[in-house]
Each structure stands twice: as C-alpha cells, then as structure tokens.
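S.K.: Chains as they are written, first to last, in numbering that gives the first Met the number 0: chain A, 0 to 322; chain B, 0 to 325.
Keep in mind that the hints were calculated from the coordinates and are not lab data. Where hints are given, some of them may not hold.
To be verified - Computed cross-link-like contacts, DMTMM-like style, restricted to lysine to aspartate or glutamate with a CA-CA straight-line distance of at most 25 Å:
#1 Lys203/B / Glu181/B
#2 Lys139/B / Glu254/A
#3 Lys264/B / Glu254/A
#4 Lys127/B / Glu99/B
#5 Lys9/A / Glu172/A
#6 Lys264/B / Glu178/A
#7 Lys264/B / Asp260/A
#8 Lys203/B / Glu254/A
#9 Lys86/A / Asp98/A
#10 Lys9/A / Glu42/A
#11 Lys264/B / Asp267/A
Residues per chain, in single letters:
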Amino acid sequence: MTVPPILELKDLAKTYQVRQGMFSPKLPLKAVDGVSLSIPRGETLGLVGESGCGKSTLAKLLLGLEKPTAGEILVDGVAVSGASWRKELSRRIQPIFQDPYSSLNPRKTVRRIVAMPLEVHGIATAHERARMVEEILDVVGLPRRAADSTPNQMSGGQRQRVAIARALVMRPEIVICDEPTSALDVSVQAQILNLLLELRRDFGLTYVFISHNLAVVEHLADRVAVMYLGRIVEDRPAAEVFAGPRHPYTRALLESVLTPDPALGVPDTRLGAVFPNPIDPPSGCAFHPRCPHAAERCRGDAPAPKADGGGRVACHYPIERTA
Amino acid sequence: MTAAPLLSVSDLTIDIPLGGRTLHAVRGVSFEVSRGETLCIVGESGSGKSLTSLALMNLLPGRLKRAAAAMSFDGIDLLSIPERRMSDLRGDRMAMIFQEPMTSLNPAYTIGNQLTEAFLRHRKTTRKEAFGRAVYLLEKVGITAADRRMKQYPHQLSGGLRQRVMIAMALMCEPDLLIADEPTTALDVTIQAQILLLLKDLQKELGIAIILITHDLGVVARIADRVAVMYAGELVESGPAAPLFQSPAHPYTRGLLECIPQPGKTRPGEPLGSIPGLVPSLTGRVSGCVFRNRCPRAEEACSGEVPVVAFGDARRVRCLFAEGVR
Chain A
0 MTVPPILELK DLAKTYQVRQ GMFSPKLPLK AVDGVSLSIP RGETLGLVGE SGCGKSTLAK
60 LLLGLEKPTA GEILVDGVAV SGASWRKELS RRIQPIFQDP YSSLNPRKTV RRIVAMPLEV
120 HGIATAHERA RMVEEILDVV GLPRRAADST PNQMSGGQRQ RVAIARALVM RPEIVICDEP
180 TSALDVSVQA QILNLLLELR RDFGLTYVFI SHNLAVVEHL ADRVAVMYLG RIVEDRPAAE
240 VFAGPRHPYT RALLESVLTP DPALGVPDTR LGAVFPNPID PPSGCAFHPR CPHAAERCRG
300 DAPAPKADGG GRVACHYPIE RTA
Chain B
0 MTAAPLLSVS DLTIDIPLGG RTLHAVRGVS FEVSRGETLC IVGESGSGKS LTSLALMNLL
60 PGRLKRAAAA MSFDGIDLLS IPERRMSDLR GDRMAMIFQE PMTSLNPAYT IGNQLTEAFL
120 RHRKTTRKEA FGRAVYLLEK VGITAADRRM KQYPHQLSGG LRQRVMIAMA LMCEPDLLIA
180 DEPTTALDVT IQAQILLLLK DLQKELGIAI ILITHDLGVV ARIADRVAVM YAGELVESGP
240 AAPLFQSPAH PYTRGLLECI PQPGKTRPGE PLGSIPGLVP SLTGRVSGCV FRNRCPRAEE
300 ACSGEVPVVA FGDARRVRCL FAEGVR
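Could you build the full structure based on these sequences and the hints that come with them?
M.R.: Dropping the structure here:
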C-alpha cells in the first residue's frame with residue numbers, strides 16, 4: 000500500500016461574487032479554479048505567481064480561513080469536512096504571514112501571542128503551556144526574556160521569529176509560509192530562511208512556500224507550482240523547472256528574477272504588462288494575450304494539464320526541452 | 000579631461016535631534032553622478048539611503064539638520080540656494096519617484112491633472128500643450144489608451160500602471176537628474192523587470208542621470224553603472240558596478256551578497272550566509288567602524304579612526320582590511 004500524501008487538493012475552487020460598481024450586478028470571480036495538488040510528507044511546495052493570481056486565496060483555503068466553493072482538501076488521505084473543518088485544519092496546518100508588523104498584536108506580550116493557539120484549542124494546563132512557550136522560543140532562537148516583551152519593542156527579524164514560534168507551538172505537520180521574508184532586510188531574510196530550513200529538518204515539517212522571489216523558492220522548494228489566474232499552469236519538481244521551464248509563463252517569471260550579476264543587464268521578458276481582469280478572464284488559455292508564442296488554438300481552447308516529466312504542464316505548445 | 004559631474008556631494012551629514020540627544024543618521028557621505036549615468040545607493044533599512052536622497056532635494060523634515068562640505072548640481076550650489084530657487088529646480092531639473100505610487104499620487108485628482116501640474120508650474124505653456132506632452136509621455140512609458148487614462152483616478156489603475164504614471168510625471172519637465180527611491184519594490188517581479196527596462200531605455204534616449212535607491216542587490220547589479228553601499232549612515236564602499244560585484248572589498252558588502260540565494264552558486268537547501276547581530280545605536284558619539292560589532296574581521300584597531308581607502312580612481316572603501324580589489 001502506498002502512503003497517502005500529507006496534503007492533497009482535489010479540484011479545489013473558490014469563487015467570490017463581486018460588484019464592479021455600486022449598482023452593477025454581482026459577477027463571479029474565480030480566485031481559485033480547479034486546483035489539484037499533492038504534497039508528500041516532508042516536502043516543500045513552492046507556490047509562485049504574480050499578485051492577483053490566487054495564491055493567497057489558496058493559502059486561506061488551506062488554513063480554513065475561507066470555505067471552498069467546490070473540491071476538497073485531504074490531510075493524510077482523509078477529507079477535511081464537517082462542522083469542525085476549520086478547527087481540524089488549524090490543528091495540523093499553521094501559517095506564517097508576510098508582514099510581522101501587522102500579523103502580531105503589538106500590545107500583547109510574546110508569551111500571550113505564542114500561547115494563544117494552545118489556549119484556543121484547549122491544549123495543556125496553564126503551567127504546561129508556559130513551559131511549551133519557553134521551549135518553542137528556544138527553538139526559534141529567541142532569548143527567554145523576549146517572552147515578556149511586546150512586538151513593538153522588537154526588530155522585524157525577531158517579530159518574524161515570534162510568528163514562527165506561534166505557528167510551531169501547536170506542533171503542526173504543515174506550515175503555510177505566505178511571503179515570510181519579503182518584508183525583511185536582506186541580512187535578516189537569510190537568517191529566517193536558515194531557521195526555516197533547520198526547522199524543516201528537525202521537525203520533519205511540510206511547507207507550502209508562497210513567494211514571488213523565485214531565487215528563494217529555488218533554494219527551498221522540492222516542487223514548484225506556478226499559478227496564473229486561479230489555475231496551476233505548471234507543477235513539476237523544482238530541479239526540473241529551474242533547469243528548463245515548459246510553460247511560457249514560468250519562463251517569463253524565471254527571466255524576471257534579478258540575480259546579482261552585472262553582466263546580464265535588465266531582462267526583456269516580452270510579457271505584456273496588462274494582467275487580465277479576473278472577472279472577465281480571456282478566452283481559451285488565460286495566458287494567451289501575454290504569451291509570445293500564442294497561436295490561434297490558444298485563443299479558443301483552454302489547455303488541460305498534461306503529464307510532463309515529473310509533473311504536469313497546461314500548455315498547448317510547451318517550450319522544447321533544451322537538454 | 001572629463002566633464003564636471005552633474006551632481007556632487009561632499010561630506011553630507013544629517014542629524015536628527017531626539018530630545019536632548021542627537022541621532023547621527025547620515026555621516027560623511029560623498030558621491031558624484033555624471034550625466035547619463037546610473038548610481039545605485041544600496042543599503043538596508045536605517046542605513047540612511049532615503050534620507051540622503053531627500054537631502055539632495057532639500058525635502059527633509061524641518062527638524063532634521065543637513066550639513067555638507069559642498070553640494071552642487073550643474074554648478075548650482077545647493078547649500079546656499081534660496082528655497083524659492085530650489086523649488087524651481089525640484090520637479091523641473093531634478094525629479095523624484097517614490098516607492099509606493101498609491102501614497103504619492105493624490106487620490107482626489109485625475110492622472111491628467113497631476114501629470115500637468117508641475118509642467119504648468121515650471122513652464123510658460125498652455126493647458127493644451129501640457130496635456131499633449133502628458134499623453135506623449137504616458138505612451139512613452141508603455142501605457143495604452145493614454146487619452147482615456149488622463150481622465151482616470153489613481154485607484155482605477157494597477158500598481159504597475161501607477162508606477163509608470165509616476166515615471167511619466169517625473170519626466171514631464173525633462174529632468175537632468177531622476178532620483179528613484181525603491182521604484183519597483185512594491186511591484187511584481189515581472190513588472191519590476193519592465194519598469195527597470197523602461198528606465199534604462201529612457202535614460203539612453205534622454206541622457207538623464209539616475210540615482211536609484213534600493214535594498215535589492217539583484218536590481219543594483221543589473222542596472223547600475225556605479226554603486227554606493229551604505230551601512231548605518233555611512234558609505235562603506237563605492238565604485239563601478241562590475242568590479243564591485245566581482246570582488247566586493249568591504250566585509251559588509253561581501254556579507255550582503257552571501258545572504259541572497261544565487262542560482263548556480265548557492266546549493267539549494269544549504270544554509271545561506273548571514274550577518275549576525277544588529278545595527279549599532281547611532282545616538283550620541285559614533286566612532287570607529289560602525290560595522291565592527293558584526294564583522295568577522297574586526298580587530299582592536301577598528302574602534303579607532305577608519306579612513307576611506309581609494310583603489311584606482313573610482314573605488315572607495317571604508318575599511319582597514321579592504322582586500323582583493325582589482
């Protein structure tokens with residue numbers, strides 16, 4: 000028998016009803032549109048795409064902060080559903096958000112912030128909780144005396160360590176990292192990434208790592224899923240994707256990464272600037288208006304994901320393999 | 000003989016009075032920018048890079064104290080110039096782009112209104128001519144249906160479009176110097192690449208000098224002709240981009256470069272380099288090398304006077320152990 004993946008998404012969808020003007024009718028906005036992904040235990044999935052592509056909505060679905068319109072989330076092969084779906088998800092899946100300045104209450108002590116998830120779930124006695132908080136502060140590299148400080152007395156890096164401690168105090172199996180280092184200084188960013196790598200090793204964590212920084216994703220991820228307008232357009236092992244992207248959108252994203260190499264200059268991705276309106280998505284392949292290789296077929300016919308190497312690609316004319 | 004630089008700053012100091020004490024936010028910063036050249040000032044938060052750029056435009060908040068040995072723009076002495084003449088320069092020959100276009104555009108006025116405002120202020124011209132130039136520049140920065148955009152409000156545009164509007168606005172009066180403070184930080188990587196390409200193209204065409212302020216070494220490497228690295232209010236290293244990235248001489252510059260994952264150089268999953276410790280307090284007397292408490296090379300001598308060492312005619316490093324400079 001095969002071990003089920005720790006996290007599996009089947010045709011997950013979230014549609015919002017939005018108005019564009021005060022008196023106009025409500026229209027459906029497909030923020031997440033038929034996403035299927037599967038993450039084995041201990042692996043890191045890098046989820047990338049431009050703002051508005053639905054990656055944060057997907058994170059919210061995984062955290063139980065939004066209810067899916069369709070599809071299901073399976074943890075360890077068991078569908079999460081029923082009245083306690085939200086509580087069940089939050090017991091096993093915890094978040095680390097982008098901005099530690101706004102995701103932590105600045106007036107509460109670190110001790111209270113970190114103990115909060117335990118209190119909510121009614122885990123352990125007050126005395127044991129205090130011990131668990133001190134333990135987890137050690138783990139994330141914060142001094143014990145930090146427990147009595149408030150976030151507004153701390154630096155950005157320290158705050159992000161508090162957010163990580165809060166996520167890990169529940170001993171979750173899966174951590175959703177939504178741009179965890181984007182708001183931090185370069186030197187601090189490296190410290191937090193190193194900490195995340197260490198924690199993954201020590202606790203066998205599974206990460207869903209959402210980022211627009213593909214260099215960081217390449218450093219951490221085992222697998223990469225590229226999202227465009229609510230759909231996954233490419234989902235393959237990280238090494239394959241970075242060695243040779245197959246979807247033109249993935250290639251444009253990769254070319255946009257500015258590595259510190261003065262010889263390369265500013266890349267020209269030949270990607271139109273206009274991100275389409277998600278309420279009125281383009282026909283056929285949603286990427287065709289910006290795609291340098293778009294053909295007639297791409298305008299009318301939406302490509303279904305096809306098996307490709309160690310994963311899947313949704314494109315009629317994927318980029319030829321170079322090697 | 001080479002032409003005189005467009006902008007030259009020597010020994011710039013910015014103090015922030017805090018109750019009885021003083022925070023020495025920027026200390027002894029000197030640099031030059033020539034026409035048609037891009038200087039990138041790179042540093043982390045609190046390094047004083049944004050204050051430095053505001054000081055050039057004389058836009059520092061009133062309680063901050065700016066001092067310098069010399070500061071001149073195209074032969075004009077910026078230290079003694081009366082505010083009236085300074086505001087003639089600002090937005091005309093010296094223009095600025097800020098990080099967050101949403102907060103620097105006025106939500107209550109149309110794009111067209113805001114684009115033409117400075118042009119009408121600085122030039123003897125008609126509304127019609129100003130409107131025409133605004134449309135021309137919007138098209139130039141890659142905005143389609145420019146006529147229609149002129150009547151729209153900032154909230155009706157996406158972040159990338161707003162930043163393009165900011166660039167068009169800065170170019171209205173054909174400035175000689177464009178100061179861009181983190182112009183692409185709030186944008187997607189794809190849009191970032193497009194905006195940087197646009198700045199490079201416009202520079203080539205119009206010959207403007209650009210000072211680009213950023214924390215992103217990737218951006219710096221790809222766009223800079225010359226680089227100035229700031230740390231805790233001081234310029235620790237400066238020089239032409241290619242040799243600086245090839246052989247960074249200051250331990251801070253080296254440390255910063257080791258902090259970022261670089262495909263092909265760093266191995267996935269391996270720990271990245273990091274700079275332990277925190278930036279020192281800049282209140283009261285600041286002495287010696289400011290980086291010494293975080294520096295792997297620091298020695299006794301680093302708490303004393305640290306001179307700026309020159310290598311060749313372009314590279315400057317503020318370190319006793321500057322090494323490997325080619």
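S.K.: Hints first: check each against the structure and report whether it holds.
M.R.: Tested hints:
1. Lys203/B / Glu181/B: 20 Å, holds
2. Lys139/B / Glu254/A: Holds. Lys139/B to Glu254/A sits at ~23 Å (cutoff 25 Å).
3. Lys264/B / Glu254/A: Holds, at roughly 17 Å.
4. Lys127/B / Glu99/B: Judged against 25 Å, a Cα distance of about 29 Å means the pair is violated.
5. Lys9/A / Glu172/A: 19 Å, holds
6. Lys264/B / Glu178/A: Roughly 23 Å between the alpha carbons, so the hint for Lys264/B and Glu178/A holds.
7. Lys264/B / Asp260/A: Distance ~11 Å between Lys264/B and Asp260/A Cα, so the pair holds.
8. Lys203/B / Glu254/A: Answer holds: Lys203/B to Glu254/A is near 22 Å, not above 25 Å.
9. Lys86/A / Asp98/A: Status holds; Cα separation ~24 Å.
10. Lys9/A / Glu42/A: Roughly 18 Å between the alpha carbons, so the hint for Lys9/A and Glu42/A holds.
11. Lys264/B / Asp267/A: 23 Å, holds
Consistency note: the structure conflicts with earlier hint 4 alone.
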